[in-house]
Amino acid sequence: MNERYAHMFAQLKERGEGAFIPFVMLGDPTLDVCQKAMDVLVQSGADALELGIPFSDPVADGAVIQRAGVRALSAGVTPDDCFALIKRLRARYPHLPIGLLVYANIVIHRGLEDFYQRAYDSGADSVLIADLSIKESAPFIAAAQKAKIAPVFVAPPNADDDTLSHVARLSQGYVYFLGRVGVTGADRAMQMPASPKLQTLRDHHSAPIVIGFGISTPEHVKTAMAAGADGAISGSAIVKIMEEHLSDANAMSQALAAFVRSMKAATKS
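Counting the sequence shown from 1 gives a position; the working numbering is that position plus 4.
Simulated from the structure, these hints should not be mistaken for laboratory data.
No experiment lies behind these values; they were computed from the predicted model shown.
Hints are not guaranteed to be accurate.
Said to hold, decoys possible - Mimicking SDA-like on lysine to any residue, the simulated pairs with C-alpha atoms at most 25 Å apart in a straight line are:
no.	residue 1	residue 2
1	Lys17	Arg173
2	Lys272	Leu16
3	Lys226	Gly49
4	Lys150	Arg8
5	Lys17	Val44
6	Lys152	Asn6
7	Lys139	Asp166
With the sequences and hints as input, model every part of the structure.
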């Protein structure tokens, strides 16, 4: 629910910190390994989680996250498995904001109202649909609000003021500001965030602003915080660590924990 995001951002602001939010592909490489990885992320300092549901045609994802989706799908992971995994996560962390990042076909295939209600029942707080345009969003927003799920929209770095005003008005929980154009990936550096764009969102009374895409080092997080962001999302860097340690669960846990601690430390002013 929005309350979890609001409470998290308020607490962080009191402490002079930004949010660090890792992304994980649900079911990558298996449901059990993914569950353990998410526990490590939260216990190492993640303020919230953004979770993907594996999809066969992830147009906004770079190669690293595409491979994560393939691993999950190859393991037989279904959306129902993902919802069950979220439900277990919610039971362990009742106050943790949990967001979903999905593609429109996943939502449409299940039926809008059914998908959002299932997301809510599992314990999710928000849903961002990567390939949903503002112009096509009305029925999705209506279904989300009916199920008490916060709809989240993307603010591109090259967006005009009219687009930013719509993103600010329609996004709840947080706004996802892209650190650069293109697809996800830790191999391409984040561009310098456009502080005036962030200010435009705030002028339109937006929810807290989180920067994603290209966030792979503590320096990137510091840059995002200095630009005025309320937090940073890191996806490909997290998934790449998991990919590099698929055969050694302990090494994966240690590497994830060290990465999260370093990224979270960079959010502190």
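- Message: Of all the hints numbered above, which does this structure not satisfy? Sort the numbers upward.
- Response: none
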